[in-house]
Amino acid sequence: MTALELAAAIGQTEDRFAKNVFSPPAVKKRSRPIRTALILAAVLALLTLLLGVAARELGFLERMFPGEKFENLEDYVNQIDVSMENDSLRLTLHEAVTDGYNTYLVFSVDLLNGDSMDRWESADYIIQPMTTEGFPVVRGGGSGGNLGTGTDRGMGKPNRIVYYWHNQCQMNTGRISVRLFGLKNLTTGESFSPGYLEAEAELKPCLTKISRQARKEEAYANIVLSPFGLRADARGVDMEKLGTGKVFRGKLEYVFREGGEAQKISSTQALRPDPVQPETAVLSVAFRQPTDIREIVAVRIDGVEYPLETGPLPKREPEKAKEAEIPELFAETRQALYDELFSDCTPVESDHTADNGFYRLESRDLALWGDEDELHLRLWLTAAALEGEYDRILALWERIGTCLLIDGKEVIVFRSDGRVNDYFDSETGERVYLLKMDFTGEGAKNALFDGDFTKASALRLVWTPPAGDRIALDLELRG
Amino acid sequence: MEDREIVQLYWDRDERAIRESDAKYGPLCRSVALRILAFPEDSEECVSDTWLHSWNAIPPKRPDPLGPFLAKITRNLALDRWRRDHTAKRNAGETPLVLEELEGLVSGESTEDEVLRRETVRALNGFLDGLRSEDRDLFLGRYLAFETLESLAKRSGRSVSGVHKRLAGLREKLREHLRKEGINL
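Chains F and Z, in that order, are what the protein sequence lines are. Numbering-wise, this note's numbering puts 428 at position 428 of the first sequence, and it's gapless, one number per residue. Numbering-wise, this note's numbering puts 62 at position 62 of the second sequence, and it's gapless, one number per residue.
Please keep in mind that the hints were generated in silico from the structure rather than gathered at the bench. Keep in mind that a hint or two might mislead.
[Claimed, not checked] Okay, the calculated bits of chain Z under chain F, using three or more residues with CB under 8 Å as the criterion:
| hint | stretch |
| --- | --- |
| 1 | 59 to 67 |
| 2 | 160 to 173 |
[As the list claims (entries may be wrong)] Non-contacting residues of chain F with respect to chain Z, defined by C-beta distances greater than 12 Å in every case (computed):
| hint | residue |
| --- | --- |
| 3 | I127 |
| 4 | K204 |
| 5 | S267 |
C-beta: ideal position from N, C-alpha, C; glycine also.
All chains, full assembly: derive it from the sequences and hints.
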């Protein structure tokens, strides 16, 4: 065995030994912009309160770039100011800036009866970036999902939560949609769902410079430069060796004047597979802070100069190819998943169904058994759009399960200790959910429900679909 | 946000779990990755991969506390990346020093034997179980978290040379433990 293999084995030892070992670093590294923004926003809020000065009206975006060159973005801020409200809540989209790939958005949620938001820890929302035509786009930079969001408590407005949201997409974003379902108290499990609100806005991208079609011998095509960074299609990359991505080691410089000297800009550079275009790699560069690109006339990568010009973003098709791959992948393992789900029980057919006018949720196969200490649930569910195709926008299981006691008066919320797997079935246009829940032992402790499962009359599954109100599916418990 | 709330977000398949994990444990994971890899860009990617791994691991896991669980994922990913990266980078960071210390315990010949690997992990668990907590934290601080001798000295209230000697003693103890378990590395 090598020393490295021994070190790897030490990394496989039981977690309980590591409890005292990992401690936060004594000296903090430079914060990433969003975290710094949150700290600064909190300090600003405190100062405002101390000075008794009314908070200025939400010029929010610069709070996401504290100490950085926000002036390089100011001209490109989309002032949205779109609000939607019901009797209880108001959702407002304030400001956003995007280069098509990086989007920064500030929105807020107000409680309209004037009560403080203190008891609510979070709003319950889904944000979906889209192309200008309204196609949902893939979120997340490779593996990270959302790059970061944060809230602050509304600068002297106790009835408001403000959200700062940053996301990197794999395609050119031209619209943004925020769907609000209600408020959540994550500690108590309490939810407040007065109705569904959706606000949408078109986003005009900031200045971008692009390189037209590269010549055959050039390694990079479709280069897009923006104040946030650069991205380019990389040719001739061995996709197998690339794996899930690696840090780009090439030399990258920017030419500010024709014939002038090139210079580096402080940045993070990565080379990753492009999820939108199969068999293509993408060079992704994030500047450390917003950069003035107006004077940049070319980018030099590994000594090759690519002239840049102002222009619209290159058109990228929504990821149809990828959609087709998913079901195929799962078609092979569908039976295996079914067998695994019902390996320790015999399922019965279940025909429970519910819809919200947009989506229908249907239980297909169900196994449910238990006694006063244990409850086991195995469930095969499908979700489908009532009109058109299933929207690929994220859907959520919200704190699965509300247990309704037999007298029907008491509703006890419990935390699920289960697993949800899901995949999209292109043949039926449905999303398939596999629920495996065991309320026993540790699971029962985690459940807030400490009663007798045999006295419950139904199990309520609550699903947050891509559009419309939440859907609750009540499954009768017999015997 | 409390650990159990973040873990619940994972269980709810709510992407905010990643944001909250990054906000609370991002600095810890970055520091762990940086100790091993020494390059901020590599470390950042490693931390991003940590969130993907934690997303896949929770559920079914329900780690408590969450910090060491995430830091351990980062550590293992960073070590894996260190192994894969080109040799030019191998002199950077704490990793070469830590591995040099472990070299005395192993033959140096790579093994594909999965049974041996599993037996080694089992023996290591037994070894750690038998240590006083102070010694265990010292051993794992060095060989799990890749902490520098200076940092361990500061944390344990010993001198740097004292830490060095104690670690040598613990390695000897591990060698003896492995021998008794019949494991020949």
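Consistency of the hints with the structure:
1. 59 to 67: holds (count 6)
2. 160 to 173: It is violated: at least three residues are needed, and the stretch 160 to 173 of chain Z offers just 0 whose Cβ sits closer than 8 Å to chain F.
3. I127: 10 Å, violated
4. K204: Holds, since 26 Å exceeds 12 Å.
5. S267: The claim breaks: S267 (chain F) does not keep its Cβ more than 12 Å from every Cβ of chain Z (closest is about 9 Å).
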